[in-house]
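The two chains are supplied separately, each in an independent frame; assemble them into the complex guided by the hints.
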Amino acid sequence: MPILKVKNVSIKYVTGDFKSIGLKEYVVRKLKNNYKVNEFWANKNITFELERGDMLGIIGTNGAGKSTLLKAISGIMVPSDGSVQREGKIAALLELASGFDGDLTVKENAYLRGALLGYTRKFMDDTYDQIIEFAELKEFEDRPFKHLSSGMKSRLAFSIASLVNPDILILDEVLSVGDGSFRKKSEAKMKEIINSGATTILVSHSLNQVRSMCNKILWLHRGEQITFGSDVQKICDDYQDFLDGKLKI
Amino acid sequence: MFEELVKRDFKQKYKRSALGMVWSILSPLLMMCVMATIFGHFFGRSIEHYIIYLFSGQVVFNYYTESTNGGMHALMSNARIFTKINVPKYLFLFSKNVSALINFGIILVVYLGFVWFEGITFTWKFLALVYPIVCLIFINLGIGLILSALYIFFRDVEYLYRLFTQIVMYGSAIFYDINRLPQDLQNVFYLNPIFVCITYFRNVVLNNTVPDFWLHALLAGYAVVLFGLGYYVYKKYNYKFLYYV
Ligand SMILES: Nc1ncnc2c1ncn2[C@@H]1O[C@H](COP(=O)(O)OP(=O)(O)OP(=O)(O)O)[C@@H](O)[C@H]1O
Ligand SMILES: [Mg+2]
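Each protein sequence line maps, in turn, to chains L and S.
Under my numbering, the first residue of the first sequence carries the number 473, and numbering increases by one thereafter.
Under my numbering, the first residue of the second sequence carries the number 1052, and numbering increases by one thereafter.
Treat the hints with care, as some may be off.
[Said to hold, decoys possible] Some chain S residues near chain L, calculated using beta-carbon distances under 8 Å:
1) Arg1059
2) Asn1137
3) Val1208
4) Val1284
5) Lys1286
6) Tyr1290
[As the list claims (entries may be wrong)] Anything over 12 Å on all C-beta distances counts as not near chain S; from chain L, calculated:
7) Asn505
8) Glu580
9) Asp598
10) Glu608
11) Lys610
12) Asp651
13) Asp710
Read the hints as simulated data drawn from the structure, not as lab findings.
Even glycine gets a Cβ: it sits at the ideal position worked out from N, Cα and C.
The shape of chain S in the complex, shown without the other chains (with noise of 0.2 Å):
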């Protein structure tokens, strides 16, 4: 059953227009074309690989948005289906992200494709990736599962949403470099899982070198709590789903 909803979320989402699937994944890099001509006059001199540093921050970034907005609408766009079969209801939440991942697997594939032209000798080290997007899939499936439910509740989440992944984009440091901050303020970074994710792959593919334990533990914490919470918070209130939609 999964499978064949991941499948009508895929064609849904490209059966529209042909050019679907190229745009996805052209967005994003057209996005990050514009950020690497305005930004890289101010901050290029300074950040080594300018355009990898950057394009880190999109890739995760992307990911993160697209997988919990989606997430987000997921239950109300399918409430004419629960509302009619017995179906779990997470399932459709799943689905979502599942072709989000997919895109962002994809994007990361053209990522690596900058890296190497870059110049940038991949090693073992690599490998080590895998440990943040891991914990990206869990922070954004509790995420999501935490605003569907809000959203199904109270309709203007979209808008607050939109406006709290704004603030989150500029807390990411994606085209700016913190290391000019006060260290205060930098430490404040780091109650943001996006960035934490952003520098775990920053440090991997610019510096070569695998982060720390403690950032490693700091990720899996978010992955566990969001989670955790959008498991809660499911559980708690999925059975009250149908009366709002």
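This is chain L alone, in the form it adopts within the complex (with noise of 0.2 Å):
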């Protein structure tokens, strides 16, 4: 019983006219049939299946749409094709440090940001204090949010997504914030909840944390699936050889 199903997924952004003329030059430009918009597909037909305890690797150059794929299974938007089946809590950790409020204090956004996430006000007075521990952020607590450094913006955020027990988990390049102990930190945390039998999606650039923590692998490019298997090492050859331009596609 496959706990992820993603099936022809293809997401498609519109660009170009619309988004920036206006109501007025909308109607102008309807008015002379000169209106027209930019599709831009960023995910095509992408279609994969993932079990319990999997632990799945997306890999692929920049602007590749593995963001939007993310985003897609996430829920946070609805594919333009195809289907996305998911079974139980999902926990995404997308671009972390983002949406948080720079005039409020580090408490009330850790507040606010559970609320977002769905936690209940007592489950965060209860683990409040475990959060703002992991993140080490003891002493910054009633600072604007804004006071702090990037680094620590990203390990609040970590800190208060990743205390759920999830049964998806996706990390788009999170295990990269954070100095070098806080990186052993959270990396040992993940593997916690891997370990609890979750399954896990992993957007990295660095092969070499894909080749030891993935399971299974999905390469991307500009918007195509390229591969899906378990042969992780195979694959991340051929990738590593595209990457050095040995291999062309």
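Next comes the structure, spelled out in structure tokens:
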């Protein structure tokens, strides 16, 4: 019984005209009949399935459509075509540090983010100390969020988001945040979640990380699915060759 | 979650300046004082309790603009959150509306203070004011839902709406009396929900009468239609927002 089923997912961004012209210009152009939009397919026909406990690595160059695919998987985005079926609780850690409010204090932000992720107030009260402890930000608790360094921001975000025990965990280049010691800590925390049986999806530009952690791999290139399979080492080798220019696709 | 959002919106508004809270109450009051001095000369003589007449208009109109403008920006300014976390987007809008409503409540208290000061007696009929307020909440939510969607697609909606608000203001008879206008023209005013709301307030507070059935029906109609439209627009387009922010 697959826990995540991604079937023929395609995602289209609309760019060009529409976005920036404003209502007045839109009406004018519509009347003159020279209104047009550019469509851009960030994902084309992606299909794969994951079982419980799988750890999927998604690789691909910048702009390959990895983050876009994750948005569809986590339900933030509705695919233009195809379907995503998922079971259980899902936690998505996408570009963590964004979406906080600079003027609120660290503590207020923690509660707000917790609320947005669907934690109850009681749960936050109970776990807040643990969060701040883990992020090592105790002494910054009452400072405005904007006074934190960007590493600290990511640390807080990571600490909040990794608290739940999700059935599906999505990580978009988050294991590279923080300094060395925090990275170790967060990797350990990730391992703990993974060992508890969660299905994990990891996007990373570090091939070593992917090789050592994942048992399945999805390679995207310009929105196309190049391969999906469980032969991690082979696909990583191919990808490395491709990056080195030895392999053409 | 909703509670935390409201708290944030409220703090955002008032934290930046210690005077924020005072200011948001003071500014409509000041506005009203200016209007009272200027227009008092023209209309004050023919309208009894002119200051209350004016204030009734101000308090309703002020809530309407604050709530709908807040609503318009609510989605856009939270775009960085809903592109990263899967949350129902309308919550951002509702939370903005709640903080506008709280503000409205405070100004309403000041308003009632003025009413008392003017020597108008409070009767049980004042309770009827709950009706236009509830309708207004739904009207504002509906307009907010429509605007916030439009604003994501077309950024110049902000300017167009500002213009629109101006028109609504002059069309709400805030500082003048429409009874001097020809009957046909008077009827046109009833196309404006804000005017209808203000009229309701004035009827209750100044004339101590609860308006007739058809004013109730009209208000309810506006509330249902506007909220329904907002709901429809949101339902239809909310999954598209992501592509445009
Ligand atoms: N909001 C948007 N509007 C239009 N195009 C977009 C939008 N967001 C992303 N794109 C385009 O979609 C493509 C895929 O972007 P995506 O962020 O998924 O890439 P990625 O694989 O995550 O890249 P990276 O490794 O740099 O994180 C890119 O070409 C990008 O230009
Ligand atoms: Mg990305």
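Which hints, by number, does the structure contradict? 4, 5 and 8
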